[in-house]
Amino acid sequence: MGRIPCCEKDNVKRGQWTPEEDNKLSSYIAQHGTRNWRLIPKNAGLQRCGKSCRLRWTNYLRPDLKHGQFTDAEEQTIVQLHSVVGNRWSLIAAQLPGRTDNDVKNHWNTKLKKKLSGMGIDPVTHKPFSHLMAEIATTLAPPQVAHLAEAALGCFKDEMLHLLTKKRIDFQHQQSGTTQSGNMGGGAYVPHKHDDKDNTMEKIKLGFSRAIQEPDMQPPNKPWDTTGATSVNFPGVSSTFPVSVSGYQYGSSSFGNEGEGSQWSQSMCTGSTCTAEHHIQLHKKIEDDMDEDTRGKDMRNGSDIFSSDCVLWDIPSDDLMNPTV
DNA sequence: AACCTATTCAACCGCCCAAAA
DNA sequence: ATTTTGGGCGGTTGAATAGGT
1 MGRIPCCEKD NVKRGQWTPE EDNKLSSYIA QHGTRNWRLI PKNAGLQRCG
51 KSCRLRWTNY LRPDLKHGQF TDAEEQTIVQ LHSVVGNRWS LIAAQLPGRT
101 DNDVKNHWNT KLKKKLSGMG IDPVTHKPFS HLMAEIATTL APPQVAHLAE
151 AALGCFKDEM LHLLTKKRID FQHQQSGTTQ SGNMGGGAYV PHKHDDKDNT
201 MEKIKLGFSR AIQEPDMQPP NKPWDTTGAT SVNFPGVSST FPVSVSGYQY
251 GSSSFGNEGE GSQWSQSMCT GSTCTAEHHI QLHKKIEDDM DEDTRGKDMR
301 NGSDIFSSDC VLWDIPSDDL MNPTV
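Letter 95 of the first sequence, counting from 1, is numbered 95 in UniProt numbering, and no numbers are missing.
Treat the hints loosely; a few may be bogus.
Stated by the list, open to error - Heads up, simulated PhoX-like pairs for lysine-lysine below, C-alpha to C-alpha not over 20 Å straight-line:
| no. | residue 1 | residue 2 |
| --- | --- | --- |
| 1 | K51 | K13 |
| 2 | K24 | K42 |
| 3 | K13 | K42 |
| 4 | K13 | K24 |
Said to hold, decoys possible - Taking CB as the label site, the calculated pair distances span:
| no. | residue 1 | residue 2 | range |
| --- | --- | --- | --- |
| 5 | S117 | P63 | 31 to 37 Å |
| 6 | L65 | L140 | 18 to 24 Å |
| 7 | E20 | G68 | 22 to 28 Å |
| 8 | G98 | R38 | 48 to 54 Å |
| 9 | Q47 | Q144 | 57 to 63 Å |
| 10 | K42 | V124 | 39 to 45 Å |
If you are wondering where the hints come from, they were derived from the structure by calculation, not from laboratory data. Predicted model only: the values in this text are computed from it and were never measured. Ideal Cβ placement from N, Cα and C applies to all residues, glycine included.
Using the sequences plus the hints, can you model the full thing?
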């Protein structure tokens, strides 16, 4: 049996809200509250659907809402929580005072997804693409693996090329310096010519084949910080502790441009030392926020949310902020 | 200056679920 | 027990804007 529409579609205005409408709605709610959304537009003198009023109020007019840019801490929180609960935007937004599920969802879809992809991390599973490929490869016969690698190269070629060959004028100078460890293949960066691009592709292929052959390998040139319990102050969680979800640690340092080129800690969580207990703490906190009844619901991203043993590619912080052209 | 493309984000849609009738 | 209703949620759309050619 279908539902009757929540309002007469013919008689309601749609689209952008005008300041006058906002005023009407705000002042009505200030006086009468939000008890019955169906009656609110009628009583407030608005030619709007009740649902539309509710949305306008909850997503925009509510006085406790924060407008403007997401902070680095907020972004970290979103990514951490997303790796645990998936696209449960309302749940994630509940951890970010002043942010709505719509805000969080939009920010994820327009910014964070791309950032993660640019880091070589699958935004759905929060695992590195290389590991996903390796996981798939374990189910295939060797000849199919070769095809898989070729197909994967096709899929990720542009992003990887960008990451590996992006022009960074000052990068060459930094090569003699100390801070940034090299890109995946290491070595001096030279603005790419055709031959360099070919070399890059060779490096990508090599990386893929290594990942596929040795799923647990560590990426070249940088020993992963297996001790690395970088702490992050996770809003809503009483103590500061190393947050590691889906096997990663998104460290305390900034995801954004603040500070001295800081970036998410890419320290690897080995699964033995920093996973279980912290996973439990984080997960417990989130579960506490869930409704009793939603608790049993499937986690949308599925299955193995606390899987560990994941490795991130080592990518300079600039690239984290400007992942893909 | 004009046009085209990409990005952002407010708003809408349709489904789900719990509470009320 | 069944139906109706209201509210919440996640996915999607499209207008506005920014940036590039």
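The hints, checked one at a time:
1. About 12 Å separates the Cα atoms of K51 and K13, which keeps this hinted pair within 20 Å; it holds.
2. Between K24 and K42, the direct Cα distance comes to roughly 11 Å. Compliance with the 20 Å bound is thereby established for this hinted pair.
3. For the hint linking K13 to K42, the alpha-carbon distance of about 12 Å falls within 20 Å, and the restraint holds.
4. Note on K13 and K24: the hinted pairing holds, with a Cα-Cα distance of about 14 Å set against a maximum of 20 Å.
5. At roughly 36 Å, the beta-carbon separation of S117 and P63 lies within the given 31 to 37 Å, and the hint holds.
6. Between L65 and L140, the C-beta spacing of about 49 Å breaks the proposed range 18 to 24 Å.
7. One distance hint, 22 to 28 Å for the beta-carbon pair E20 and G68, holds here, with the actual separation near 24 Å.
8. Between G98 and R38, the C-beta spacing of about 27 Å breaks the proposed range 48 to 54 Å.
9. The supplied range of 57 to 63 Å is met by Q47 and Q144, whose beta-carbon atoms lie about 60 Å from each other.
10. In this structure, K42 and V124 meet the distance hint of 39 to 45 Å, their C-beta atoms being roughly 43 Å apart.
Of the numbered hints given earlier, the model fails hints 6, 8; all others are met.
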